[in-house]
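S.K.: Protein chains in written order, with the numbering used here: chain V, 209 to 482; chain A, 6 to 333; chain W, 79 to 510.
Hints are computed from structural coordinates only; laboratory data are not their basis.
Here a beta-carbon is modelled for each residue, glycine too, at the ideal position from N, C-alpha and C.
Treat the hints with care, as some may be off.
[Unchecked claim] So, partial list: chain W residues that the calculated Cβ filter (under 10 Å) puts toward chain V:
1) 348
2) 350
3) 374
4) 490
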Amino acid sequence: MKTKTKLRKILSVLALAVVAIIFVFPFYWIITGAFKIQEVTILETPQWFPLEPTFENWIKLFKNPTLIWLRNSFIISISTMILVCITASLAGYALAKKNFRGKEIIFGIFVAAMALPKQVILVPLVQIVNQWGFHNTLLACILPAVGFPFGIFLMKQFSETLPRELLEAAKIDGCSEIGIFIKIVLPLVKPGVAALGIFTFITSWNDYFLQLVMLVEKEKLTMPLGVALMQQEFTTNYGVLMAGATLACIPIIIVFVLFQKNFTQGITMGAVKG
Amino acid sequence: MNKPVLKEKILNENTNTDRTVLKEVKSKKSRKKILSLSKKQKEDLIGYAFLVPAVLFFGTFVFYPILKGLYNSFFNMTWKDTTFIGLDNYIALFNDEIFLKSLVNTATIVLVAVPLIIIFSLAVSLLVYKLKSVSRSVFRAVFYLPVVTGSVAVTVVWRWIYDPYSGVLNYILKTLGIIDDNIIWLGDSDYALMCIIIILLTTSVGQPIILYIASLGNIDKSYIEAAKVDGANSWQIFRKVKWPLLMPTTLYIVVISTINSFQIFSLIQLLTSGGPNYSTSTVMYLVYEKAFKLGQFGYAAAMGVVLAICIGTFSIIQFKVFGKEVSY
Amino acid sequence: MKKVFSMLLIIALILSMMVGCSNGEKSSGEASGGEQANVEINFWNFPNYTVIDDQPGKYEEELVAAFEAKNPGIKVNVQMIDFKSGPDKINTAIAAGTAPDVIYDAPGRIIAWGKDGALAKLNDMIDDGVKENVSESILRASRAGDDYYMYPTHHAPFMMAFNKTELEEMGLLNMLNLEGDRSWTVAEFEAFLEAVVAKGKRGPVVFASSQGGDQGTRAFIANLYDSPITNEDLTEYTVNTENGAKSLEWVVNAIDNGLLENGSAVDAGTAIDEFVTGRVIGTLLWSPGLEKLKQESLNFETVFVPYPNSENPKLEFLVGGLCVLDNGDDAKIAASKKFIDFIANDPEWGAKNIESTGSFAVDQRIETTYDSPMMKYNATMSNNYSTYYNTIPGFVEMRTFWFPALQAAINDDKSAKEALDDFVVKSNETIK
């Protein structure tokens, strides 16, 4: 019996590993691609490992204000992430656990808003941002992104599983609403907040279109915008493209690693049962 | 208030009211009078207060532009010129064969991709969440990698995989003897859509896997123990214990995957431009093309509205199916 | 985690406020009075000029510095845009009211914006001197009706190109006509391809996966059996004649027989790369500008040839020019016109800019220093320019129908005639 389950386990991990290769491959490809010379990147039989590694792509990349691009991307993504986590966890908690008039309608509007393609609201959005005077600023890429309700939806789902008894008990103990939120709710939904943080950071980083239409000055460009500029009409300098893509991964990976710890803090609800 | 009514209130209202709380309220009746706010109103206010930050951003940067977008859909709107044309955009839409083809393609993508995403992420998560912490983190990171690396890398790699001459897919298939000649994957109207869906899968399962692993980790082990004691096998444990407790997460994943699949865009833009011969054209791609390449903002807005209605309908169904509240 | 969060929050908010506020003022720094009022204009440029030192935008900044030195009181902000998302950026900006003041692009888009009322008219800039020294077809491409919206600067033909070095090695160079205008017939072209393929080399790729470079495939189909894409007065699409169907059929058969490569999933850039890396013998799209762009990667000599045609080859060509956006500010429009004049006509920079594009000057008064046989040949081929139809209404939309039509024919989803008929029906509807 034991060997059967062990065998099953080994097989399933093996299957996972095979599938995992497909997932890891793009990542491997851009890292190695960043060190390949131009001719090699478009070879018919690909070089699995750069036989003549070079730093020329990186040199080309850094001749441009790459650090500024990185900084801008970073500021935008961190700010968006923080603001979204705060607003979404507050709103998600209320939608899950509080009863108030119009709750269903408000939630319905949030969900419906996600359904409409962003493209349709882009022009009105630029008009608003321009009228209020912060077009061509990093703020223009942060604030609109905070408005999108994906985070609220996620936090609502996570907050659903909060045990009511715990919340009521805290209330009876005389805790204020915000106190309950900070001391009880937040620690319990931490995995959700961590996940949301990462998702938001990445989405914001890769939000090419919003950055494209909101930023028009060289010093304001973000990594994705900057790397795109290095493409010409009929030329793709793959080496530089890969170098840019690799560079862009680094902050994302850092954030991912930092936040990952919080996933594992599984909360036992045993304390509340009965 | 007499006791029977109280009991009924508790049974009929949702789990928000609690016997203990009501008791407390009863004893504080006098205080209530001074506050001059009914409990209901106070609770409303608290709820709204929590929503204020989110609603502020949402209202300004999302809701208002949406209204404007809706408004635009009734106009023939180009760069400088705006003329009211009522429902003409919508009527033109349903006579536009490219739009209709795109609608069909989009629906196909959704109907194929979403179930696959759920099944795959669930299967992987069930395997991974029980592993040791290190392996678990590794696998979680691995499946999330395509999202991290971004569409640049993903499209370059997959374009190469599907390359008719130097791509690894043709190479493997020919070596295994499954095909004789190179197939031009992204250039063949029979295969292109499926190829896109496969790429979509790799970029879409990362988030669900992370969420499922987190939620599975949150399931109280005592429930599972209890079920095992009752003699349930792993499939039954899954169906009766895990699956119901995962419902909130599943609902989120189903709705979000549906929305993302309906709105698939950058893959199409970077790989096929909607071809070959419109076989991978999606509504979202058309919206982008009409609005930003051709400057037909009104028409694009109308398309967006139709898409939103489709998504909305799907979502309502999904909420009905997956949104049942679970209590133990 | 709470502490980390709140700290990050404070830092980020401060950072973003700082960045947001200090650069938040709209770049419209106009002095309220005074003679030399400081005017600030925004210039968006596609990669028309060769990139120097791997830094997109560097050449433009040098150009701007030279202009500002001669025109104190005008400040120019340069923003580079790329061909993929640049049009999107511009279209959004115009619609949302955040448009720049000067754009360097081509008639296809410029005239469309002009017709829609987004541009300032340049009639005063197109004086007699210009009219006498610029060909009528190019002037025609710069206006809508009687109003000029584009100040044209450079032009160049699009043709095919082959790997001269390799052809010599294969002993097949003599199958090309290298005399005069180098014209040849479809039969000669077919024989040439067969010889090439027989020696184990692949023919050019018929790219069709996106809009990019479609002027190449349109010119190709239009020339083979003489079926122009539109009629002379640009009121109708005419490529679906019997000859047109014959052309497309010939191409599809050539692909099926291995003479040409199936480019249903290949875009122009990749097709050109196949040529540059020597994997295929030729390319359907080439120009002096492209040759300049690919200089570093080319390790063989190219030979330009026109598309096969039973009579005289009729070439599509590129025209580039500058336009001024009307954002309601007269001072900016005036400053923009000065800037355009500098780019095109400055004694030092006028010619320099043209040479940086690798193309020819439309204005005969501007002397460029090209002396290579390749450039000389290209210059003479401007006598073979066909009717420029990029200013036809709905041009941009027509382009979205062309490549699917090719794909349909190549993939056998439709017959050549059906595909072209379909294309013409859809495209004609855009001429409104």
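S.K.: Take the shortest C-beta to C-beta distance between residue 350 (chain W) and chain V; is it under 10 Å?
M.R.: Holds, because the Cβ-Cβ distance from residue 350 (chain W) to chain V comes to roughly 5 Å (cut-off 10 Å).
S.K.: Using the nearest Cβ pair, does residue 374 (chain W) come within less than 10 Å of chain V?
M.R.: The hint holds - residue 374 (chain W) has a Cβ within 10 Å of chain V, the shortest such distance being about 8 Å.
S.K.: So, as I understand it, the hint says residue 490 (chain W) touches chain V; can you test that by seeing if any CB pair is closer than 10 Å?
M.R.: Hint on residue 490 (chain W): violated, closest Cβ of chain V at ~27 Å, above 10 Å.
S.K.: Does residue 348 (chain W) pass the interface hint, meaning its C-beta sits closer than 10 Å to a C-beta of chain V?
M.R.: Where the cut-off is 10 Å and the nearest Cβ of chain V is about 8 Å from residue 348 (chain W), the hint holds.
When held up to the earlier numbered hints, the structure conflicts with hint 4 and nothing else.
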